[in-house]
Every structure is written in structure tokens, then in C-alpha cells.
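Undergrad: Single-letter residue listing:
Number of protein chains: 2
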Amino acid sequence: MSTAKRLTGKPVADQMTAVNQEEAYRLRQRGIIPLLAIIRVGEDPGDISYEKGAVKRAQMTGVEIRHVRFDENVTQRELLEAIHSLNEDDKVDGILLLRPLPHHINEKYVCEQLSPAKDMDGITSGSMAGVFMDTDVGYPPCTAQACMDMLDYYGIDLEGKKVTIMGRSLVIGKPAAMMAMRRNATVTVLHSRTSREDFARAGQTADVVIAAMGRAKMVGEDQLGNDQVILDVGINVDEDGSLCGDIDYGTAEQSAAMITPVPGGVGSVTTAVLMKHVLQAASRRADARQV
Amino acid sequence: MSTAKRLTGKPVADQMTAVNQEEAYRLRQRGIIPLLAIIRVGEDPGDISYEKGAVKRAQMTGVEIRHVRFDENVTQRELLEAIHSLNEDDKVDGILLLRPLPHHINEKYVCEQLSPAKDMDGITSGSMAGVFMDTDVGYPPCTAQACMDMLDYYGIDLEGKKVTIMGRSLVIGKPAAMMAMRRNATVTVLHSRTSREDFARAGQTADVVIAAMGRAKMVGEDQLGNDQVILDVGINVDEDGSLCGDIDYGTAEQSAAMITPVPGGVGSVTTAVLMKHVLQAASRRADARQV
Chain H
20 MSTAKRLTGK
30 PVADQMTAVN
40 QEEAYRLRQR
50 GIIPLLAIIR
60 VGEDPGDISY
70 EKGAVKRAQM
80 TGVEIRHVRF
90 DENVTQRELL
100 EAIHSLNEDD
110 KVDGILLLRP
120 LPHHINEKYV
130 CEQLSPAKDM
140 DGITSGSMAG
150 VFMDTDVGYP
160 PCTAQACMDM
170 LDYYGIDLEG
180 KKVTIMGRSL
190 VIGKPAAMMA
200 MRRNATVTVL
210 HSRTSREDFA
220 RAGQTADVVI
230 AAMGRAKMVG
240 EDQLGNDQVI
250 LDVGINVDED
260 GSLCGDIDYG
270 TAEQSAAMIT
280 PVPGGVGSVT
290 TAVLMKHVLQ
300 AASRRADARQ
310 V
Chain Z
20 MSTAKRLTGK
30 PVADQMTAVN
40 QEEAYRLRQR
50 GIIPLLAIIR
60 VGEDPGDISY
70 EKGAVKRAQM
80 TGVEIRHVRF
90 DENVTQRELL
100 EAIHSLNEDD
110 KVDGILLLRP
120 LPHHINEKYV
130 CEQLSPAKDM
140 DGITSGSMAG
150 VFMDTDVGYP
160 PCTAQACMDM
170 LDYYGIDLEG
180 KKVTIMGRSL
190 VIGKPAAMMA
200 MRRNATVTVL
210 HSRTSREDFA
220 RAGQTADVVI
230 AAMGRAKMVG
240 EDQLGNDQVI
250 LDVGINVDED
260 GSLCGDIDYG
270 TAEQSAAMIT
280 PVPGGVGSVT
290 TAVLMKHVLQ
300 AASRRADARQ
310 V
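For the record, the sequence lines run as chains H and Z.
Position one of the first sequence corresponds to residue 20 (my numbering), numbered consecutively onward.
Position one of the second sequence corresponds to residue 20 (my numbering), numbered consecutively onward.
Hints should not be assumed to be uniformly reliable.
If chains are identical, the list can't say which one is meant, so a pair holds when it fits in one copy or spans any two.
Said to hold, decoys possible - Quick list of in silico lysine to aspartate or glutamate cross-link-like pairs, EDC-like style, CA-CA up to 20 angstroms: (1) K127 to E100; (2) K75 to D33; (3) K29 to D257; (4) K127 to D155; (5) K29 to D171; (6) K236 to D109.
Note that these hints are calculated values from the structure, not bench results.
Using the sequences plus the hints, can you model the full thing?
TA: Structure follows, in C-alpha cells:
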């Protein structure tokens, strides 16, 4: 009965990495060594795991990593000094600040101190304004960009499509809405305050669903229609301790045309997007040097 | 047969102006004279008419206006010098740059030179980031804000409502979508690439419609449902040379619960919102001086 095509992230990440490798090679030929600084505060297992993935991808790609680590008692001042010095360091192309930060740190303020030009994951308002206004200031959040790259790889054109986005976060929902709109999709954004009935209807009538609520398997057959393309951005742990998305995969794959699994879906593209951003920044550095 | 309540802008603007007057008075008591600089290039009748309205509203409110005028052959350099000097002038609380600018000027670049803190009409990316990220950097575009103030005045709560926005411009559509989402509405944004069928369905099923396509009377009974609240932001000239909105008012008022007329609707609130922004900026100036 399983009919949906599985949209796995690996071939998307592989193809992107192949392109990235060539770009990194070209940059090195020009004397530029692409460099990403990763700032990690504390020993959060999620942070460590993401950092590990990024390092592996960077090695594969030809991007250098500079690790900047603080214990969780770091003062805000120390963190800001590190950011300012990375902002000013001409050798550093991009900065990834792992979050959330400890509670004694004003996270919003600290994030804003990143130079948008080095903000690889869309956490500054400069980057966000770029996504919103469709300019090339800064970089969009990697996961939102990964959704678009996933659609591109699998040949899914959003022009004139109804895209329903479940979740309105600044990390995925809102930027994905802007990016889909830019691709001429008709976008509806659902969230925790959307009525159950409206949620179901907008889910059922969508051509493409992007689920990013962060709630394990909350979207099932009542909220979905037939022959849809479903991108599941959620990464949650279910009652058995297994990773799962926001979509009830077992149910959804019966009716969907295409669906991303969790794990192995959108999440596996994110670090390749991160490297793409680093290489774009490095390429700007190379061009600026040449002028 | 006419059943819809007319949501006129005048009482909204009047009430807002009364509040603004008190605020201007308080600021003057503190030695602060709220000042708006209006930059106009050329003699466009639309610009002149908007400027006239703003001046009248400013006089009513107790806000001073500084006129900065250039003929249409102004160089980009002259314009930039004027903007920089207004940015740095401590006596200037806000800047309104009338647009569009002549073709030989890089409008996007020039707009970005405004200090977001003095950008009264949301034309800089700093202001837009504020709307997008829900921070208090800069000010939203006056017309998008006027839609929200209109809804507030008439007691229309967006919580859990389906809001359909027709148009995806940076001046109205996109910021209004963000502002409605922040008020917990479920938002759908339609535009020129939305299919006729999807447009009709999203129009019909909305609780609140915000029309901002800029196309005379393009929305009629096929795109509307019953008992809706309709905000018509369009200001167009119809075939008889009369002002009209994007909504076919004659048809829509038969089925809507409430509808804004054109002229006399949302447009009449805009200059009051502009003055509110100037006073907010002046109040920040007063507070900063006190510290």
C-alpha cells in the first residue's frame, strides 16, 4: 500500500557537496581558504552532534573549521568579544553560533552582534531582512534553505502551487513562507493558534506541506490530502525514544505523492547548505580582494 | 439591500490624532519639538497631494515639518547628502522620503541610507526586519499599520481568524501578513501568480480580507464570501476617472459584514499613523536625553 516516493536528503546533500567541493577547490586555487568558525557554549548533546555533522561535512567539502568553545559560565562580555574579533578577522568567512545560549546570556542581543555578512544561519535581523525583502544581504536559515534545495533537487516547482506551512518560527516557518512566495507559491501559514478545523482544511487542500511545528507526529491523515508533496522538518523523539518528525509518516506515506523521512530527510541537507553559505561568503571575499 | 457596515477611516484618524496631540503636547512640555522631514523629488501630483495631507495632519497634531525639496534632476549624491545630514540632525525625529524616485536614482540604495530609527514608513531593511522579527527596530509601513489600527478601532480581533491578503508587496502585503500572524491570525497571501480558482477559494473562505493588489475593482463576488470584514487598501482610478479600490464595492457591500470605502477608508488613517511614528521617535529622543 505504501505509495509515496521517499524524498531522502542524502542525494541532495551529495550533489550539493560535489558542487561545493569544486567551488572550494577553485577558491583555494585563488589563495582563499574557506573558513567557518563554530561557537559552542557548554556541552549540549544536540549542539555537539550538530557540530560533529558540520565538521564532517566541512572536511568532505574542503572548508576549514575554527572551533571557539566556552563553558556554560561564559560571560556575555567574553562571548561578545569573541564575536567581534571573528567579525573583524579577514580569514573568517562565516560564523555559526550554536543555540540556545545559557539563560544568563541575552541571546537576541548577542545574535545581533554577528556581522550579517558572516551570519551563515540567518540569525541576525540583517539576514532576515534579506529573506524578507529578497535582497542578497546575509544568508537565510540553513533549514529553510534546505527545504527549497530539496524541492529543486526533486524537480518540484512551486509556481502557482498552494503551499501550507505548519509553524511560524523565525528559523523555518516565516523564512520558508517568504522563500515559497518568492517562487510564486500561494502560501498559508498555520500555527498553534490556528483552529483545528482551519488547520485540517489548509493541510488537506495544500499541494505542498512544510511541517515545522516541532511536535512529534502531530499531523496525521485528518490534516493531509492526497498526492501531496510533504516536507517534514520536525525532529522529535517519540514515546519509544526514536527520532520522528511532525508528520505521522506511516499514515502519510499512504496518501502522499512524495514525503521526506525523519531522520534522513531535510535534516540531512542542512550542513551541506551551511557549507554552501560559507563558500558564497568566501567567494565574495575572493572577489573583494581582486578589486 | 446594502447591509455591510462602512468602516470609515475618519473616526480612526480622529481618535489617533487626539492621542497624538496629547503626546505632542507632553513632549513640548519636556522641551522636545517633534519634527518630521519630508523629502520630495520633483512635482508628482500624487506626492504633492500626499505631502499636503501629511502637512495638514502635522499641523493638527503639533508636529513640525521640514520640507526638503529637489527638482527631478537632483543627483544621487545630493540626495544622499541630504539624507545623511537629516540622519545626523538631532532635531529631526523622522524622515519621510516620497517615492518613486526618478529613474536615474538607485532607489533601493538611497532608501537603505535612511537611519532605521528615523525611517517613518518602513522603507529600510532595518525596519522590515523589525516587522519580520517582531522587534522594535524602526517602524512598519504606515499603510500596513493603518490596517491594524483600523481593525483595533472597530474591535475586530484577529485571533484564530482566517486572514486572506491579496497582494505581496513590501509596502502592504508582506508586512500586513506578518502583523496579522503576530495577532495569531492564520494568514494566506494571494498574488498575481495565484490561480484564479485558488484566489477565489481563499477569498471566499476568509474571515478578513485585506486587498492590496492595486487593480481597480478586480475583486468581486466570485472572490468573496459572506459576512466578511473587508479592508480595501487599493487606490485606483476607474474608467470614469473616479477613485476606487481593489474591491468592487457595490457588489461586496451586499455580502460583507463590514467594509472600508475608497476613498475615505484605510487611506485616511495613513497620515495619522505617520504622526504616531514621529511622536514615538520623538519620545525616544526625549527619553534618551533624560538618561
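Undergrad: Now, for every hint given, state plainly whether the structure supports it.
TA: A quick look at each hint next to the structure:
1. For the identical chains of this complex, K127 and E100 are intra-copy neighbours only, at 16 angstroms inside a copy versus 33 angstroms across copies, given an alpha-carbon limit of 20 angstroms.
2. Taking CA atoms no more than 20 angstroms apart as the test, K75 paired with D33 passes inside one copy only; the shortest distance there is 13 angstroms, against 62 angstroms between copies.
3. Proximity of K29 and D257 under a CA criterion of 20 angstroms is satisfied in neither setting, with 23 angstroms inside one chain copy and 55 angstroms between copies.
4. Only between protomers do K127 and D155 lie at most 20 angstroms apart by alpha-carbon distance; the minimum there is 12 angstroms, versus 22 angstroms within a single protomer.
5. In the homo-oligomer, the alpha carbons of K29 and D171 lie at most 20 angstroms apart inside one protomer (14 angstroms), although the nearest pairing across protomers, at 49 angstroms, exceeds that limit.
6. Within a single copy, K236 and D109 get their C-alpha atoms no closer than 45 angstroms, and across copies no closer than 55 angstroms, so neither meets the 20 angstroms cut-off.
Hints 3, 6 from the earlier list are contradicted by this structure; the remaining hints agree with it.
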